[in-house]
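**Student:** The listed protein sequences derive, respectively, from chains S and L.
Residues in the first sequence are numbered from 307 upward in steps of one, following this note's numbering.
Residues in the second sequence are numbered from -1 upward in steps of one, following this note's numbering.
Bear in mind the hints are in silico, worked out from the structure with no lab data behind them.
Careful: at least some of the hints might be erroneous.
Stretch-level coverage of chain L by chain S, calculated; a stretch enters the list once three of its residues show a Cβ under 8 Å from a Cβ in chain S [as the list claims (entries may be wrong)]:
1) 166 to 174
2) 272 to 279
Partial pick of chain S residues on the chain L-facing surface, computed with a CB cut under 7 Å [what the hints assert, rightly or not]:
3) Arg387
4) Phe395
5) Tyr450
Think of the CB as a built atom: it goes at the ideal place given N, C-alpha and C, for glycine as much as any other residue.
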Amino acid sequence: MSLEVRELTVEIDGRRVVDGVSFDVPAGARLGLIGESGSGKSLTALAVLGLLPDGARAGGSIRWNGRELLGMPERELARLRGSELGIVFQEPQTALNPIRTVGRQIAEAVRIHERTGRAEARRRALEEAARVQLPEPERLVRRYPHQLSGGQRQRVAIAMALAARPRLLIADEPTTALDVTIQSEILTLLSGLVEDAGMSLVFITHDLAVLSQIATHGIVLEHGRVVEDAPVAELLTAPRSPVTQGLLRDATATLWHPEGRDGGLA
Amino acid sequence: MSARRADRRPGWCRRLWATPTGRFGVIVVALVLLTAAVSLVWTPFDPQRTDVPNRWAGPGWPNVLGTDATGRDIASLLMAGARTTVVVAVGAGLVATLLGLALAALGALTTRFVREAVAVLVDILIAFPVLLIAMMIAAVWGGSLWVVIWSVGIGFGVNVARVTRPELRRVLHSDFVLAGRASGLGTGRNLIVHLLPNVAPVFIVQLSWGMAVAVLAEAGLSYLGFGAPVTQPSWGVLLAQLQQYLTAHPLSVVWPGLAIAVTVLGLNLLGDGLRDATDPTLSRRRGEARVHVPEVVA
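Okay, chain L solo, but in the shape it has when bound (with noise of 0.2 Å):
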């Protein structure tokens, strides 16, 4: 491996874009937060603003990407909605990593019986599905984004905790460790240089897991009337409405599905790229069985 002196991005960032998927995951994922950040100062036209004369425009000039039954523009419609996904991905992902890495370290660097007594925790909660856990939110407060953001946080937060802990407790018992207190680190210095480095790799791929689920999540639950009102634009909102032309206008449903899925693709890619450039020892065990994601449905 040489050192490319004149390069001076870290080592990671130049190991992310290097690979084909994660450039492909840096710049889905670039391209969302832009796209919702534009659209809060423009879209090409109003989101909300209906022009029924000119409902289910096929693509085409001006409306980029068609229109909806009550002629409002798709492609305005998309670009606002993904407000809403990054709100969603960022705040469940943000719910999913306090609540991961506080049960983690709970369970991983305390003492034996608050160790076991959160490991069976964990394991009681990871039965509760993400799907569950939105429907107990909402039937208490009523549907909206926070249902979206605190149930896949949640569920994903267990996960996480449950997929970190022993990768926690595997580094806490290896001899760096122990060499890096020999050399005198304290406690919360070993933690931040030594411990949380280590078991980055495997969080990264859980918390992009979690994040590309909550876009699903929002998609899914909005659908089915717990996430976004329907006055909100949103890509899950928007799909369950022109779900309903399905078989009398196919097209359209097909820019929200995209959107959804080139996203959700996009995060995994990222974080799978993140992890592999995370760690540089990577290169010589490539191949090496990936860890397991759990299948969580949303």
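So that you can see chain S by itself, here it is in the shape it has in the complex (with noise of 0.2 Å):
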């Protein structure tokens, strides 16, 4: 259950925006990609999921238990997607349908992959919603999506990307749209599923004091290309790179003014 991606390319509209970037994910690995807003490391993650943007396109490798996923017709991509590789996006406002039950929701990526009865899939998701400890999961799967707060609603939609246990989970800055308190209870809520499950993490943020909580091992991205591949630990204490350096600043600023980056309160 390993993903090796290796010299992978995407260009947009013939530029290139990611460049030659090469991981390896073993099984249970917790792996960090970090860098600043543009550095290419969402379209990583939407490639390695066939889920590129309309002009987009990859080159390189990227290998599933030795299945080449590049060029993958779209029909196979579609049963791995979910049942062996889930994502969770950054904003979870416009991730949820917003004319659905939640339960529905969750029910929904349940039946997409286990063919389960109505009744069966609507007892899945309350269990699903209570695995990802929505508070009063039998009241709160009957609610559409704007009538949940941001850290539910994150709750939610990681509890659709697991509905089907993945073996590998993706999350794209999955705690960037909500506030600092929340931002914990999330991390500790993801990182304890993964934990559970025995999945693998691949971990999308430009936060290094985030990173640090839940990955094990960083990849730094700029412009498309990798600039540093240390453990976390390392990045931290050592870091090699200017941009590194860069976000460890910031993230000891986060540390020390955890009101703003620009100073804050001091």
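Both chains are sitting in their own frames, so use the hints and assemble them into the complex.
**Tutor:** Pasting the structure below:
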């Protein structure tokens, strides 16, 4: 159950936005992809799932358990998505369908891969909602996304991603849109879920402080290239590239001045 | 929002019935449907039976709404005319739905070249008013109800496509469609689960407006002689006939006019109510600008 990305390139309208990225995610590993916005980390994640936007082309190689994902027919890819590869997006606000109750959306994710009946899917949806510690699941699964808080919505998005028990979870800045206390709750939750299920995790963020709480190994990207590839402990104590040093300064600023990066209350 | 567990009706039914306007729309449309159905088996008099000595009877008994120039019972004519109205509204609605959704899907989900081509085609077609389409069809095939159904269906199908297409594009690029694909949803199922329900509110308003215009157009085109033949009971034909005696018997014209006006209002309110009812987030942003409905003259 391992992911091998080799010399991945992504071109949008002839412009190369991901340029020769390589990394491995062995079974059970927790890898962080970190970089400023526009460094190509999200496109890397979308490329793995074959979800690149129209007009984007991927090159290189992405292997999941030895099977090449690039160029795989859409039908086969769809079967892998959800059941083996799951993803949680940054904005829980827009990642849920506004006109369906959250319970139905979780149940939908269950039904896609396990040919269960309606009642069984509903029961499983409740179970999944409880697993992501959605408060009062019986009541909240009957609500619409706009009736939940940001943190609750992100829990629902995680429940949807995990409903079909994927082996690899990609989390694309899942805490960025949330406030600090909710951030750490979601991080603890994700950490626990990944641990319990023995999943692999690829965690995407621009925040080294967040990364240090969840990943063990980090890949630093800049302009679509890998500039540093080291254990997170090393990134924190002995950053080699200027990008990592910059990210570290930002992260320590957050730690000392949690109110804001540019000084805050200091 | 408290969930009433005892209530087994789906949420949108409950929300539709909860507003006075939505309720009015449901009742009016149900009444028209009921009247049309009843007229198949029973009307107070044979709608086409003339009774010259009893011409221009006022409202009373046994002719509840009075009689026309040849002594036909106006109430019976209205009941039988409801059938024509229902056939035209449903027929035009079906044509508009099929054509509109097909054009919108082609214009939103296909390759760039086809999308642009469809957009241009829709922009060209929208320049043709319903009346012009009706006259063109009538010129070739002669006047009949089919003229009304096809002309309003085509005219509004294009309208539906124009409004639904960008909406479909917007939903297509939303995160939850991507999230749906990411959890393994196929294209077809994504369309049914995410895309269509999210464009439904816009689509429903267009459709109900189209059906209301079909009712008006039937009256207008029949009046002009392109629609129902004079032998077929129809609100438009009746209105045209009674209107000739407007100065002498003004009251008789009121009935078909009222029937048309109330039905059109009912269809519009039903569409509005359905739009509000199918969008659970709307309770939060009520009062926000409504979708602009283009003026179409029948």
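**Student:** For each hint, tell me whether it holds in the structure or not.
**Tutor:** Evaluated hints:
Beta-carbon proximity to chain S at under 8 Å applies to 3 residues in the region 166 to 174 of chain L; the threshold of 3 is reached and the given coverage holds. Coverage of a stretch by a chain is defined here by at least three residues with a beta carbon nearer than 8 Å to that chain's beta carbons; for the region 272 to 279 of chain L and chain S the count is 4, and the condition holds. For Arg387 (chain S), the interface hint holds, the least distance from its beta-carbon to any beta-carbon of chain L being 4 Å, beneath 7 Å. Satisfaction of the interface hint for Phe395 (chain S) is found here, the shortest Cβ-Cβ separation to chain L being roughly 6 Å, below the 7 Å cut-off.
For Tyr450 (chain S), the shortest C-beta to C-beta distance to chain L is roughly 5 Å, which falls under 7 Å, so the interface hint holds.
In the structure shown, no violation is registered for any of the earlier numbered hints.
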